[in-house]
Amino acid sequence: MAIGASYAGVRAMTATSGGGFALMVEGISLAGMTETPLVIVLGQRPAPATGLPTRTEQGDLLFAINAGHGEFSKLVFAPADPRDAFHKIIRAFNLADKYQSTAIILTDQFLADSYFTVEQFELDERENRLYLASPESITDYKRYQLTETGISPRLYPGQSAHLVCCDSDEHDEYGHITEDLKLRSRMVEKRLKKFELLRSEILPPEEKEFTEAKDVLMSWGSSRNAVFEAVDKLNGKGNKVGALHFTELWPLPVYQFPSEKQYYLVESNATGQLGRLLQSAFGLHVEGRITRYDGLPLDCAYIMEGFERWSR
Amino acid sequence: MVAIEEYQSDAENQWCPGCPNFGILSALKNALVKLAKKPEEICLVSGIGQAAKLPHYLRCNFFNGLHGRALPVATAIRVVNPELTTIVVTGDGDCYGEGGNHFMHTFRRNPDMTLIVHNNQIYGLTKGQASPTTELGDRTRLQFEGVKLAPLQPLALAILQGCPFVARGFAGDIPHLSDLFVEAIRFKGFSYVDVIQPCISWGTHPVSWYRERIYKLPPDYNPHQVDGALKKAIEWGDRIPIGILYHDDTPRHVFGDYFRAQIHDGTLTELGFPPRDALDELLEGFGASKLKNKR
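Protein chains in written order, with our numbering: chain H, 66 to 377; chain G, -19 to 275.
For the record, the hints were derived by calculation from the structure and aren't laboratory data. Heads up, the beta-carbon is just placed ideally off N, CA and C, and yes, glycines get one too. It is possible that some hints are incorrect.
[Claimed, not checked] With a Cα cut of at most 27 Å, we get these calculated BS3-like pairs of lysine-lysine: (1) K17(G) x K207(H); (2) K14(G) x K196(G); (3) K168(G) x K211(G); (4) K18(G) x K207(H); (5) K298(H) x K326(H); (6) K168(G) x K196(G).
[As the list claims (entries may be wrong)] Now the stretches of chain G that chain H is said to cover, found in silico as 3 or more residues with beta-carbon under 8 Å: (7) 14 to 27; (8) 35 to 48; (9) 56 to 68; (10) 92 to 101.
Please put together the full structure from these sequences, using the hints given.
Here you go:
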């Protein structure tokens, strides 16, 4: 329904959790093929299957990044706290519209179900646009026109006399089914080309006490505040610890990892999914892992204890 | 006035020569001419299958999506834009098999749109496996010893689930089918037309088998009664009725109307982004400003 609403010309979002998300993953592929903007909030809980459905985990990072059969561009963000979530979702909508792609917001039960006391959010986003084409400037409308950037002019049905035709099959520039195999290759390249541009918009990880640090804790999503608190406390005990916190995870930001530091993962999952991602993309060596997968959120004491065990 | 030529599509047709799908396509074009709908005022939504290719062969807006999942896409399109004539074109496999869940719940939602099911009682695109409406005992390319499962009764299911407009047509009677489509599209609420469309390549009966059995509901048939309609919905075998089986014109909730009454009476695309002060007011509704003032 969210894809239909977006095709019809309004912003659309859907929110779900592991099982529901897994069930509807074919829709992500559909949005990818039809280049329909879509925002999905995925509240992670301990899985597989029903797992611990009232508790928390960060177990779906690699699943979210790879969700949907086939190869196409998408975005994955993981906000750090309610304030970050507020701004990130506006950013996700704008980028989804600009690149006609799916944006997944990874939260978790801890972030979604906790109460926070926060100062009023400021609406500092200057731009809120659907990035629609202007019907008057078009004579022969092609929904999937091949362009330099891979981004085609988007109109919605009923907006003008131009017809908006979308197909989940491979299609020609007008949106009709095609078996033209040369065109197929160009359409694949078009859908992936957007990804390179998108990558240039991704924000680098947030650094804390980074320059001076010997050891760096790497984390993502809702654990930022716990990790940053642990950094302060560990440094108070004479360590030289810093943090690198990721909230924009796919496409991965352009980033240089200084080689003289030692990197540790802090993740609420068993296999260190951020580490696997960074290892494959940057060849980054991870010194140690502080992981938690008992359904409880990462907290300062847990992180400190984990770090001290590794650095002993 | 709209000329039928305006619906002429440039896309190459992939149906078998002589397929009754051509009859359904003609009937739909006739109905749209009669209703004077311009191509840009129409949105066809489909899933996967031979029927689902129809939107490529009728020049208009379309969204050809996933197997079995045309109805939720169409429901949303209709809620966003009540000025678009939204029609789902699907088949028995797509709608009654893969899309069974959506089929059932769309009756409850009652969106103001039309569902046309090309019912050929077989999976034609994949070369002749039994579909949910293949008859018990029929031999197919996969069910060599005959189908062992009783068929679904989609029309009866629709009537029981409160679908307010339920009809059956025949692809071999284009004038009658055109009239059914006109009535269905005009209906305010969810209208459903199951169209008997013999499959000339993989079907278990020849076209003549259907022609010999099909009859039009007589003028004195009362489509407003559930029990009578149910009887007609399951009548199959020696005689097969076509026409409007069930018609409930008592006012009822149409999906999206309540929302539209609360938010905006028109196309939601007209709304645009809310002004800055409206968003600030929304944020203050969370009590944030009180905290800020206290500081």
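So, going through the hints one by one against the coordinates:
{"no.": "1", "hint": "K17(G) x K207(H)", "in the structure": "holds (22 Å)"}
{"no.": "2", "hint": "K14(G) x K196(G)", "in the structure": "holds (22 Å)"}
{"no.": "3", "hint": "K168(G) x K211(G)", "in the structure": "holds (25 Å)"}
{"no.": "4", "hint": "K18(G) x K207(H)", "in the structure": "holds (19 Å)"}
{"no.": "5", "hint": "K298(H) x K326(H)", "in the structure": "holds (19 Å)"}
{"no.": "6", "hint": "K168(G) x K196(G)", "in the structure": "holds (24 Å)"}
{"no.": "7", "hint": "14 to 27", "in the structure": "holds (count 6)"}
{"no.": "8", "hint": "35 to 48", "in the structure": "holds (count 10)"}
{"no.": "9", "hint": "56 to 68", "in the structure": "holds (count 7)"}
{"no.": "10", "hint": "92 to 101", "in the structure": "violated (count 0)"}
Checked against the numbered hints given earlier, this structure breaks only hint 10.
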